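There are 2 protein chains.
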Amino acid sequence: IAEMKRVPYHIQRDVLDELGVDQVAEKSDFKISAKEKFREAVRCTGPRFKSCFLSFVPLLTWLPRYPFRENAIGDLISGISVGIMHLPQGMAYALLAAVPPVFGLYSSFYPILIYFIFGTSKHISVGTYAVMSVMIGSVTERLAPDSDFMIPGNDTNSTSLDIVSRDAERVKIAATVTFLSGIFQLLLGLVRFGFVVTYLSEPLVRAYTTAAAIHVIVSQLKYSFGINPQRYSGPLSLIYTIIEDCALLGQTNIGTLVVSIVTIIGLVAAKELSALAARKIPIPIPVELITIIIATVVSWQMDLKTEYVQPTTILQAPVAPAVSLLGSMVGDAFALAVVGYGIAISLGRIFALKYAYKVDSNQELIALGLSNSIGGLFNCFAISCSMSRSMVQVSTGGKSQVAGAISALVILVILLKIGELFEELPKAVLAAIIYVNLQGMMKQFGDIRSLWRTNKVDMVVWVMTLILTVLFNPDMGLAASIAFSILTVVFRTQLPKYSILGQVPGTDIYKPVEDYNQVKEIPGIMIFHSSATLYFANAEMYIDALYEKTGVDVAKLLSHKKKLEAKRLRKEKKAAKKAKKEAKKRAKEAVKAAEDVGAVEVGPDPDTDTTLPQAIILDLSPVNFLDTVGVKTLRNIYKDYGEAGVQVYFCGCQRGVVESMEKGDFFNEKVTKSILFSSVHDAVLYCQQGNSEEVIQGTHL
Amino acid sequence: IAEMKRVPYHIQRDVLDELGVDQVAEKSDFKISAKEKFREAVRCTGPRFKSCFLSFVPLLTWLPRYPFRENAIGDLISGISVGIMHLPQGMAYALLAAVPPVFGLYSSFYPILIYFIFGTSKHISVGTYAVMSVMIGSVTERLAPDSDFMIPGNDTNSTSLDIVSRDAERVKIAATVTFLSGIFQLLLGLVRFGFVVTYLSEPLVRAYTTAAAIHVIVSQLKYSFGINPQRYSGPLSLIYTIIEDCALLGQTNIGTLVVSIVTIIGLVAAKELSALAARKIPIPIPVELITIIIATVVSWQMDLKTEYVQPTTILQAPVAPAVSLLGSMVGDAFALAVVGYGIAISLGRIFALKYAYKVDSNQELIALGLSNSIGGLFNCFAISCSMSRSMVQVSTGGKSQVAGAISALVILVILLKIGELFEELPKAVLAAIIYVNLQGMMKQFGDIRSLWRTNKVDMVVWVMTLILTVLFNPDMGLAASIAFSILTVVFRTQLPKYSILGQVPGTDIYKPVEDYNQVKEIPGIMIFHSSATLYFANAEMYIDALYEKTGVDVAKLLSHKKKLEAKRLRKEKKAAKKAKKEAKKRAKEAVKAAEDVGAVEVGPDPDTDTTLPQAIILDLSPVNFLDTVGVKTLRNIYKDYGEAGVQVYFCGCQRGVVESMEKGDFFNEKVTKSILFSSVHDAVLYCQQGNSEEVIQGTHL
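Which chain is which? The protein sequence lines are Y and D, in order. Last residue of the first sequence: 701 (UniProt numbering), numbering continuous. Last residue of the second sequence: 701 (UniProt numbering), numbering continuous.
Quick caveat, the hints were computed from the structure, so don't treat them as lab data. Small disclaimer: the values here were computed from a predicted structure and weren't measured. Incorrect hints may appear among the rest.
Given that identical chains are not distinguished, each listed pair holds provided it fits within a single copy or across any two copies.
Derived EDC-like pairs (lysine to aspartate or glutamate); straight-line CA-CA distance at most 20 Å [to be verified]:
no., residue 1, residue 2
1, 571, 272
2, 222, 146
3, 399, 565
4, 399, 514
5, 663, 447
6, 497, 514
7, 567, 662
8, 673, 662
9, 456, 665
10, 280, 514
11, 354, 544
12, 456, 202
13, 456, 659
14, 632, 447
Start from the sequences, fold in the hints, and give me the full structure.
In structure tokens:
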């Protein structure tokens with residue numbers, strides 16, 4: 001350790017050159033960039049086609065190697081359990097999407113089979129998802145509102161709703177927006193843009209799903225109370241809907257309300273019981289299915305009025321998406337694509353981490369994209385994956401995508417055999433199922449408390465995401481929330497902590513002097529440190545803080561500069577006069593004058609000598625990048641202090657920072673790279689060597 | 001130097017404690033925060049009231065000390081020169097604001113007098129400004145379009161424009177939006193929010209003014225060609241206006257076009273000549289004034305048709321702003337407030353730096369706010385400061401705000417004595433004056449080339465600002481541009497450069513191994529460095545890059561973990577069996593089993609021993625802050641590698657980063673702060689001490 005050399009940046013470069021150290025090509029092999037990802041995607045042609053095709057259809061890779069004896073029974077039981085869950089969830093979420101329940105069953109069938117072929121996650125249960133369904137619902141209700149389907153009633157004054165054509169239109173809209181979102185996912189997957197999901201930070205996703213759950217609940221209140229409020233869309237529609245609901249509370253259908261309350265209480269109680277019984281029974285009790293069956297029977301007995309219209313055929317042929325509608329739903333489809341992918345990949349990653357395999361984010365995008373785009377052709381609505389179903393799939397022994405395929409078969413049997421039995425199911429029961437399923441998302445409100453304790457900025461992101469998503473709708477709210485969470489990066493670096501560093505006695509470690517009493521500043525040398533990158537949003541503050549900490553007033557510094565200037569001019573005049581008078585001694589005098597000028601410019605001024613340090617070292621190690629404002633700021637600092645006779649050194653610059661300075665013409669003949677140092681200590685030693693012996697002794701005794 | 005100790009973070013803390021080093025209070029005195037700025041503002045009451053009042057009215061401070069003999073003549077000459085410039089600019093920019101020219105003269109009078117009292121910059125020439133005027137114009141033309149003022153003509157089919165009432169309405173609108181923008185500036189100044197201007201980075205301001213100049217030029221084309229296109233407002237209005245102008249080119253008034261071309265050529269030629277003559281004549285030739293006088297005379301002689309309506313009184317009493325209009329112009333007024341302040345403060349700072357005095361950004365906000373709000377009451381439109389006039393003010397010897405006051409007096413004389421003479425001035429001439437004045441802003445297109453060379457991201461900001469401001473209007477464009485420039489901070493840190501650091505031989509300096517051939521990795525220790533802050537947008541990439549560089553597959557790591565898990569379970573079973581069999585030796589065996597478990601968990605696995613490093617050091621010095629995603633990422637890295645028997649150390653953490661880790665529950669009984677080190681070298685030495693003697697010798701021989 002003792003022999004270690006402290007070398008400034010330039011010397012070190014020279015040393016490296018002498019040692020035959022060449023700088024390797026500009027671009028590192030390791031650099032992971034979007035460009036390379038794209039190249040990798042493009043490379044997927046030619047000789048590597050076969051392996052590429054296999055990675056595009058993961059089924060071909062894993063199915064031949066399927067360990068039948070080990071996994072088959074687990075997958076079968078798990079598949080049936082999940083299939084049984086799909087039934088009530090699919091029907092209930094169809095209500096959210098504002099389409100007839102049977103389309104929820106379609107959505108629990110086609111997309112799952114496609115994901116089985118293309119998906120890479122073994123444990124997530126793709127299918128209907130509350131948040132996606134409510135997003136679809138906002139599109140269908142906006143583009144096909146009830147008011148468009150009023151037909152003259154029996155007597156001339158009244159009109160009645162044409163439910164059949166309204167539902168047909170809504171199914172078309174839901175299928176089209178689903179198709180489009182699938183295409184978006186497919187495109188994002190093909191250009192390997194899976195990383196877009198990184199903008200969905202965890203606090204954002206959790207707040208967003210909570211806000212979406214609030215939207216879901218508000219949209220279902222009408223079914224629980226049996227009222228018929230006006231539909232609203234656009235920003236603040238949630239507020240308007242609540243106001244409308246409250247205004248209509250007087251018209252509550254008591255029967256419906258009783259059914260709702262009884263169902264909710266029953267469901268909660270049954271869930272608690274099944275949680276208690278979970279230790280003894282390995283397979284969860286299909287509480288929702290039982291509820292639906294009971295409700296259907298009761299409803300059939302009591303002849304409760306419902307609005308259901310069963311489509312004539314159970315399985316329909318694929319239909320082309322409504323091209324004319326595409327333009328009006330681009331934004332919604334993109335939001336669906338991003339949210340659906342975001343939810344699926346984050347759940348997929350959790351299970352992949354737990355069970356030690358890898359989920360390919362781009363392949364997931366392709367799998368979901370195909371599920372949605374093909375599903376859209378079969379009148380499905382957009383799917384993602386559901387936390388509750390995935391938990392059941394795993395806990396009942398599901399070990400691969402086969403469980404998903406079996407659950408799809410369960411849905412197929414139900415569709416073909418007993419689907420029409422559920423025709424009589426009251427919407428209040430489905431709404432109750434939805435509420436109870438959203439428990440988990442409501443529990444996420446606890447995040448506020450834990451984030452308050454751990455990270456306040458992230459708490460603000462959480463709260464703002466909730467507010468923005470509740471006030472605007474899920475699509476606009478997502479965009480606004482992402483924009484806000486990106487803004488926080490600026491907030492976090494805009495008000496950095498500035499500090500003066502001092503030496504920890506006897507070491508080469510430099511720490512902020514205000515943090516430790518014994519850390520001492522080095523006489524004559526000021527080491528300035530900012531906790532954040534220097535860029536346009538905090539450049540001015542950086543200079544202000546530096547001036548304040550160095551105890552220098554800009555005005556003072558500059559008046560000093562002016563004085564020097566005036567002095568210089570006087571000297572020059574004097575020199576010129578002398579030169580005129582003594583023509584023969586001209587050459588000699590001019591040299592002297594020039595020397596005087598040099599001395600005045602470089603030497604510290606006697607007026608400011610007591611306050612100004614001899615050297616300032618800027619610790620730039622936290623600087624991530626330099627923009628033009630940053631380069632200009634450093635240049636001004638160097639120039640201003642230089643004119644006042646204070647030398648400025650920079651240390652800890654990353655290579656990218658040095659490159660930005662080079663490109664920004666920071667360096668020239670006068671300002672060379674000799675002012676750059678690898679570490680604070682190097683710079684300090686260099687300063688001390690340059691100064692008188694006394695200073696060095698002063699600090700090192 | 002030789003005795004310097006390398007100590008890990010925790011040891012160092014202990015040492016500091018022993019030395020009696022207490023951590024100083026949490027909040028540093030030096031910390032500059034918005035909170036403190038606010039406090040400072042609040043503190044401005046009570047005993048300090050007098051000095052506070054003086055700082056609120058800078059005139060009271062500097063006027064009594066005005067060095068009459070030194071400054072008076074310079075200020076007088078400069079004031080007259082600037083006043084002469086105010087006249088044509090005020091009239092021309094009134095055209096941009098879509099109000100009669102005399103209101104441009106008002107705007108060159110009242111606000112300047114008020115700034116004289118409250119302003120702190122000695123050299124800027126406040127008054128009408130092209131960009132502000134065109135922003136006002138977009139408001140007036142949106143809220144009072146020509147179509148609202150059509151009155152039935154003489155014959156029943158035709159309608160004619162009621163110019164008098166249209167202009168009266170437009171003046172009212174312009175005055176109201178000016179008043180409101182002044183109130184915004186005043187409020188921002190009172191709460192000391194002068195720092196908002198930091199979001200206006202230099203590339204953004206330059207591109208924005210260029211884009212505004214394009215808006216100005218397009219809005220004036222109709223006067224140069226003598227055509228009457230339809231007015232457009234809102235996004236893309238510039239494009240529509242150009243299309244409309246092109247369609248109407250056939251109707252060009254040849255006389256007007258000739259006047260335009262002659263004026264432009266004349267102005268450019270005269271400016272070139274005056275630039276050439278500048279060395280001989282100290283005062284610039286008032287080219288524009290001469291042009292206006294000539295044009296007025298010619299127009300009066302040739303009886304060119306104009307639309308001017310002179311208000312009945314020259315100086316009007318103040319009028320209350322139109323409160324009913326306030327709601328519809330909040331956004332425009334805010335944009336005006338920000339832009340006006342941004343331009344004024346940036347010019348003010350340039351001169352302050354040059355002439356060594358200080359411009360108080362909050363006092364500037366107050367001064368501009370009062371100028372605009374009081375000006376608005378006197379039917380002025382919003383002012384800022386003009387580069388060209390300021391340059392003239394300085395070059396003709398202006399030394400203080402007195403020059404501004406004199407220029408206002410010049411305008412007053414013109415208003416009272418000869419204002420009505422300019423009644424006949426054709427708009428084509430004013431348009432020509434505007435074009436020629438915008439030369440400088442058009443030259444800013446050269447920025448693209450220089451930014452391309454120096455900083456590509458800033459070039460993208462420039463181009464995007466131009467496009468956004470041209471496509472949307474200046475108000476929306478400003479918001480979009482600021483949002484985009486903030487986004488670039490994320491772009492810049494989202495794709496960091498990841499590298500493995502190695503030791504520069506014989507020193508304690510660590511550099512990326514891919515940059516230098518001779519920099520060698522330390523056997524068994526991997527030092528990982530990211531060029532950017534670790535946060536939600538790049539957390540996943542960080543982990544991926546780390547896994548890639550360490551040559552570890554996540555799956556491999558996790559399957560290894562599972563193996564360990566299985567092993568542990570088997571051992572536990574074995575131990576349990578043994579315990580059952582040999583009941584009397586139970587206590588002893590249990591201890592052994594526990595020891596075995598511990599050994600298996602901690603020790604490196606023989607399978608992966610060859611590929612995995614023994615320790616990983618993460619260099620976190622470029623990390624500015626840690627969000628919850630960042631803390632979680634570090635925790636996962638520590639846990640995953642820890643389970644595979646690889647110890648992870650962090651070094652170079654800033655205090656804020658350590659605090660975020662503490663709050664985020666990163667540390668517990670098992671994970672203590674002993675994994676934190678001050679520098680890479682400290683961590684390396686600690687690792688080597690912990691390992692076998694051979695390794696240390698290997699690296700240090």
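Quick rundown of the hints versus the structure:
In this assembly of identical chains, the alpha carbons of residue 571 and residue 272 never lie at most 20 Å apart, being 94 Å within a copy and 36 Å across copies at closest. Only within a single protomer do residue 222 and residue 146 lie at most 20 Å apart by alpha-carbon distance; the minimum there is 15 Å, versus 49 Å between protomers. Proximity of residue 399 to residue 565 under the C-alpha cut-off of 20 Å is restricted to the inter-copy arrangement: shortest distance 18 Å between copies versus 81 Å within a copy. In this homomeric assembly, residue 399 and residue 514 never come within 20 Å of each other (Cα to Cα): the closest approach is 57 Å inside a single copy and 43 Å across copies.
For a Cα distance limit of 20 Å, the shortest separation of residue 663 from residue 447 across copies, 14 Å, qualifies, whereas the shortest one inside one copy, 45 Å, does not. When the C-alpha separation of residue 497 and residue 514 is checked against a cutoff of 20 Å, the pair qualifies only within one copy, where the shortest distance is 11 Å, while the shortest distance between copies is 33 Å. Proximity of residue 567 and residue 662 under a CA criterion of 20 Å is satisfied in neither setting, with 33 Å inside one chain copy and 56 Å between copies. Proximity of residue 673 and residue 662 under a CA criterion of 20 Å is satisfied intra-copy only: 9 Å inside one chain copy versus 39 Å between copies.
Taking the closest pair of Cα atoms, residue 456 and residue 665 come within 20 Å of each other only across two copies (14 Å); inside a single copy the shortest separation is 40 Å, beyond that limit. Taking the shortest Cα distances, residue 280 and residue 514 never come within 20 Å of each other, neither inside one copy (61 Å) nor across copies (59 Å). In this homomeric assembly, residue 354 and residue 544 come within 20 Å of each other (Cα to Cα) only across copies, at 17 Å, whereas the closest approach inside a single copy is 50 Å. Proximity of residue 456 and residue 202 under a CA criterion of 20 Å is satisfied intra-copy only: 14 Å inside one chain copy versus 31 Å between copies.
Taking the shortest alpha-carbon separations for residue 456 and residue 659, only the inter-copy value of 12 Å comes in at or below 20 Å, while the best intra-copy value is 35 Å. Proximity of residue 632 to residue 447 under the C-alpha cut-off of 20 Å is restricted to the inter-copy arrangement: shortest distance 15 Å between copies versus 42 Å within a copy.
Against the hints set out earlier in the document, violations occur for numbers 1, 4, 7, 10.
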